[in-house]
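A.B. asks: Please put together the full structure from these sequences, using the hints given.
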Amino acid sequence: MGEEKLVYLDGNVLLAASTLEDKLHDETVEFLQLVQQADWKLIIGTPILLELEQLLYLGDMGWFRLRHALAALPKYDIRIVEDDHKAVLELARQYLEEKVLSQRYFANLLVFASATLAKADYLVSWDSRRVANKSVVNAVNRVNVNRKLPEIEAVTPKRLAQIIKEEVL
Amino acid sequence: MAKVREEESLSFLLDEKLKEFVTENTLKAKYEEYEEAVKLAKEAVLPLARVMEKSVKIVRMLLLSG
Chain C
0 MGEEKLVYLD GNVLLAASTL EDKLHDETVE FLQLVQQADW KLIIGTPILL ELEQLLYLGD
60 MGWFRLRHAL AALPKYDIRI VEDDHKAVLE LARQYLEEKV LSQRYFANLL VFASATLAKA
120 DYLVSWDSRR VANKSVVNAV NRVNVNRKLP EIEAVTPKRL AQIIKEEVL
Chain R
0 MAKVREEESL SFLLDEKLKE FVTENTLKAK YEEYEEAVKL AKEAVLPLAR VMEKSVKIVR
60 MLLLSG
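Protein sequences appear in the order of chains C and R. Each residue of the first sequence is one higher than the last, beginning at 0 in numbering that gives the first Met the number 0. Each residue of the second sequence is one higher than the last, beginning at 0 in numbering that gives the first Met the number 0.
Do not rely on the hints blindly, as some may be mistaken.
Heads up, simulated DMTMM-like pairs for lysine to aspartate or glutamate below, C-alpha to C-alpha not over 25 Å straight-line [said to hold, decoys possible]:
id, chain 1, residue 1, chain 2, residue 2
1, R, Lys27, C, Glu97
2, C, Lys22, R, Glu19
3, R, Lys29, C, Asp82
4, C, Lys157, C, Asp38
5, C, Lys22, R, Glu6
6, C, Lys85, R, Glu34
7, C, Lys133, C, Glu2
8, R, Lys38, C, Glu81
9, R, Lys29, C, Asp38
10, R, Lys16, C, Asp82
11, C, Lys40, C, Glu165
12, C, Lys164, C, Asp59
13, R, Lys38, C, Asp76
14, R, Lys41, R, Glu52
Keep in mind that the hints were calculated from the coordinates and are not lab data.
C.D. replies: In structure tokens form, the structure reads like this:
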């Protein structure tokens with residue numbers, strides 16, 4: 000077994016894992032089980048809590064989704080990391096200034112900042128346009144290198160499952 | 000496994016909506032406002048997370064005890 004890695008989950012991964020009827024549910028669960036088999040650590044940060052909180056304002060459906068998303072935390076041993084909020088906000092603003100993504104996607108930049116500052120090895124998201132995207136990740140890492148922060152890799156659960164199968168297990 | 004496009008996932012679409020709300024609430028926020036938003040989210044979500052953790056443990060114990 001290789002070195003232990005830290006895997007930060009985007010909100011869409013947590014929601015897909017906790018929604019049986021979701022089209023990405025089975026692939027997401029398979030991915031989470033592979034991470035557990037590899038003995039890697041799963042985390043989420045404050046920006047994901049901000050997303051989950053919004054479910055409270057979406058009526059019964061939102062409440063239902065929130066309960067299931069939170070039940071997935073102990074089920075897959077997903078830890079909530081304590082962010083330095085000021086540092087997360089500042090770093091997300093730096094990404095915005097460097098035009099990593101437009102301001103419409105600021106929440107994604109908060110997720111990148113939180114994952115970088117948590118020293119995650121991977122940020123995992125089903126969003127292959129604005130998160131698990133090579134050019135976005137390169138732009139994030141240019142900022143990270145300039146600020147002497149660790150570089151991060153953002154991939155889909157499908158891709159990380161493949162990496163674990165080929166290189167770890 | 001058949002390839003599923005992310006747009007076919009309701010969780011993906013829901014998360015995009017949640018991110019829109021978070022963006023609206025935080026884009027122009029001063030640090031103090033952001034910290035307050037985080038504090039409120041924690042107060043709302045974390046107690047529920049602890050309850051869900053306990054109930055998962057109870058279900059596990061019941062399953063193990065047959």
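A.B. asks: The structure should be examined with respect to each hint, and the outcome stated for every one.
C.D. replies: Here is what the structure says about each hint:
no. : hint                 : result
1   : R:Lys27 <-> C:Glu97  : 17 Å, holds
2   : C:Lys22 <-> R:Glu19  : 22 Å, holds
3   : R:Lys29 <-> C:Asp82  : 17 Å, holds
4   : C:Lys157 <-> C:Asp38 : 18 Å, holds
5   : C:Lys22 <-> R:Glu6   : 10 Å, holds
6   : C:Lys85 <-> R:Glu34  : 8 Å, holds
7   : C:Lys133 <-> C:Glu2  : 24 Å, holds
8   : R:Lys38 <-> C:Glu81  : 12 Å, holds
9   : R:Lys29 <-> C:Asp38  : 39 Å, violated
10  : R:Lys16 <-> C:Asp82  : 23 Å, holds
11  : C:Lys40 <-> C:Glu165 : 18 Å, holds
12  : C:Lys164 <-> C:Asp59 : 38 Å, violated
13  : R:Lys38 <-> C:Asp76  : 23 Å, holds
14  : R:Lys41 <-> R:Glu52  : 16 Å, holds
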